[in-house]
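As a plain string of letters, each chain reads:
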Amino acid sequence: MKILSIIFRNAFRHRLRTILTILGIATAVMAFGLLRTIVGAWNAGVAGSSANRMIVRHRVSFIFPLPTADRPEIAKVPGVTSVSWANWFGGVYGDPNDFKNFWPRFAVDPDTWFQMYPEFVVPPDQLAAFMKDRSGCIIGAKLAAQHGFKIGDVITLNGDIFPGSWQFTVRGIYHGKEPSTDETQMFLQWNYLYEQVTQREPGRSVGAGWYVLRVGNADDMPRVAGAVDDLYQNSQAPTKTESERAFQQGFVQMSSAIITSLQLISFIIIGIILLVLANTIVMAVRERTREYAVLKTIGFTGRHLAAFILGESLLIGLAGGLVGVLLTFPVVNGFSKAVPTMFPVIGVAPVTIALALATAALCSVAAAVAPTIRAVRLPIVNGLRTVG
Amino acid sequence: MTNPIVQIRGVSKAYKRDAMTVPVLNNITLDVPPGEFLGLMGPSGSGKTTLLNLIAGIDRPDAGSVSVAGTDVTTLSESQLAKWRATHIGFVFQFYNLIPVLTAYENVELPLLLAPLSKKQRKEHVETALALVGLSDRMHHSPRQLSGGEEQRVAIARAIATDPTILVADEPTGDLDRKSGDEILTLLERLNKEFKKTIVMVTHDPHAAERAHVVRHLDKGELQ
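Heads up: the sequence lines are chains A and B, in that order. My numbering numbers the first residue of the first sequence as 1 and each following residue consecutively. My numbering numbers the first residue of the second sequence as 1 and each following residue consecutively.
Calculated from the structure, these hints are not laboratory results. The model shown is predicted, which means the values in this text are computed figures rather than measured ones. Using N, Cα and C, we set each Cβ at its ideal position, and we do this for glycine too. Among the hints, erroneous ones may be present.
To be verified - Partial selection, computed: residues in chain A whose CB lies under 7 Å from chain B:
(1) 9
(2) 13
(3) 291
(4) 294
(5) 297
(6) 298
(7) 299
(8) 301
(9) 380
(10) 381
Claimed, not checked - Calculated cross-link-like contacts (lysine-lysine; reagent style DSSO-like; alpha-carbon spacing at most 27 Å):
(11) B:83 / B:119
(12) B:120 / A:2
(13) A:2 / B:83
All chains, please: the whole structure from these sequences, using the hints.
Set out below in structure tokens:
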């Protein structure tokens with residue numbers, strides 16, 4: 001018989017109470033893991049940003065277009081090696097109340113876009129087919145899987161920013177080069193958009209929603225940003241140029257209140273774990289006051305008692321943490337399926353698992369502190385008098 | 001003359017209850033020679049359990065000294081006292097105080113975990129102790145599967161497993177029927193006679209006290 005055996009048997013002395021405690025901790029750890037994963041998914045765009053890409057948008061907001069005539073001038077700025085552009089197309093697919101029918105749709109420059117974004121891997125024959133078909137589109141593999149879209153399928157969208165019925169033939173399906181690459185996007189030809197809008201709404205201009213620049217050296221970014229913005233400082237469309245990472249962070253910051261709330265809730269969950277576990281350990285130690293006094297009488301020291309109590313707390317806390325982590329995977333998977341396009345890149349990161357288990361372990365230690373001190377300090381004769 | 005194994009000199013002890021100080025032991029002096037079977041009797045609140053606790057090193061006197069097997073236990077720190085108890089004291093409680101999640105075997109093995117013994121040596125000690133109390137066939141039973149008398153016999157086996165210098169028993173028959181109580185007293189008598197164990201037993205049962213060689217009475221904190 002070893003100390004560990006005693007710890008294990010003590011932990012499961014009240015089996016139902018211990019199992020309920022483990023389930024309580026597991027639920028809290030799972031919620032903690034889910035929230036951390038959501039916060040991580042929110043920041044996925046930032047994490048997936050390229051180090052040498054920059055975004056040029058209208059200084060007021062990217063909903064205001066920039067003149068396409070700016071492109072040659074921007075391309076001449078020293079340090080800029082290539083330029084592409086895109087426009088937010090919008091549109092509605094099917095039932096607008098079904099969240100999975102929402103996915104990002106961009107009108108892009110077909111000649112430069114996929115060179116600018118090498119992480120979108122398109123088979124060459126499919127890319128060639130897309131280039132040939134003005135009403136063609138390329139969609140992400142995840143989007144194709146969610147809706148069952150295949151090459152040759154026609155996707156019909158009802159335009160909102162660009163009114164009317166729009167039909168696009170799937171000419172290619174891209175895969176992400178990295179796990180963090182968003183595979184839920186749809187790309188159509190900007191030229192087609194321009195032509196159609198010119199025909200459907202004479203007099204309406206279609207500019208570039210934003211320009212994407214590639215710079216040769218990331219260190220040049222501040223200088224390039226200054227140079228581009230200086231070019232259009234007093235124009236009708238003044239620009240704001242920033243790194244792609246900063247641009248993505250701007251989106252994330254729009255949701256900063258939500259993210260802060262999620263982080264706050266995750267800290268509250270840590271408190272819940274602590275309370276659930278502390279309640280069980282305090283009850284267990286109180287019930288065993290007399291036994292601890294007997295152990296001390298036999299010759300066990302305060303360190304032994306601390307090992308018993310801390311060990312039991314860690315056993316229950318880590319069991320709950322482990323079950324919680326295991327539960328996090330199916331829950332995140334289900335969440336991802338429920339809102340497939342809201343968080344295109346979502347997954348339980350190793351750091352989340354480590355954080356969840358570390359939280360459970362720290363809570364275990366914290367929950368055991370007060371009962372341990374009480375048990376160690378309680379005089380033996382007082383402990384032996386305890387009825388419990 | 002043989003040196004006493006327990007030497008108590010001028011020991012006093014009082015407990016504080018709220019603002020009141022309640023004296024329990026008053027200037028007690030007592031010698032217990034080795035191999036003695038001493039019975040301590042007295043009415044409730046006379047201080048007999050307190051005196052036993054001081055001998056066992058689980059309580060400290062307010063004044064005086066308690067020397068057991070040549071060690072003044074009043075000078076030891078808490079951790080030194082714990083080690084000292086593990087070596088020198090076997091304690092038998094009125095309510096057995098076995099650990100309910102452990103079997104009889106494991107309860108007896110508990111104090112041996114603190115000794116530098118191999119698993120095989122521990123097994124020998126446990127089996128010997130359980131054989132001595134007549135419970136070899138119940139060693140894998142948990143306390144709730146044992147009768148009160150059997151539980152107390154396991155508790156005695158636990159107390160003697162480390163071969164302590166002195167055995168202290170606090171009302172060892174107080175929770176048992178007459179038959180079981182007699183069995184326990186016979187066992188203690190045997191440990192004293194055959195194995196020369198020094199025993200200090202607190203009891204308020206005159207029938208139990210008859211088994212002791214010497215009986216001392218405590219009243220209002222003073223030895224008669």
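Hints, verified against the model:
For residue 9 of chain A, the shortest C-beta to C-beta distance to chain B is roughly 4 Å, which falls under 7 Å, so the interface hint holds. Contact between residue 13 of chain A and chain B, as hinted, is supported at the beta carbon level, the nearest pair being about 5 Å apart and thus within 7 Å. Hint status for residue 291 of chain A relative to chain B: holds, with the closest Cβ pair at about 6 Å, below 7 Å. About 4 Å separates the beta-carbon of residue 294 of chain A from the nearest beta-carbon of chain B, less than 7 Å, and the hint is met.
For residue 297 of chain A, the suggested interface contact is upheld, since its CB lies about 5 Å from the closest CB of chain B, less than 7 Å. Hint on residue 298 of chain A holds. Least Cβ distance to chain B is approximately 5 Å, under the 7 Å limit. Hint status for residue 299 of chain A: holds, given a least beta-carbon distance of 3 Å to chain B, under 7 Å. Given the 7 Å rule on beta carbons, the hint for residue 301 of chain A holds: about 5 Å separates it from the nearest Cβ of chain B.
Interface restraint check for residue 380 of chain A: the shortest CB-CB distance to chain B comes to about 4 Å, inside 7 Å, so the restraint holds. Annotation: interface hint on residue 381 of chain A holds; nearest CB of chain B at approximately 5 Å, less than 7 Å. For the given pair, residue 83 of chain B sits about 20 Å from residue 119 of chain B by alpha-carbon distance, which is consistent with the 27 Å threshold. Simply put, residue 120 of chain B and residue 2 of chain A have alpha-carbon atoms about 14 Å apart, close enough for the 27 Å limit, and the pair holds.
Pair hint residue 2 of chain A plus residue 83 of chain B holds up; C-alpha atoms about 19 Å apart against a cutoff of 27 Å.
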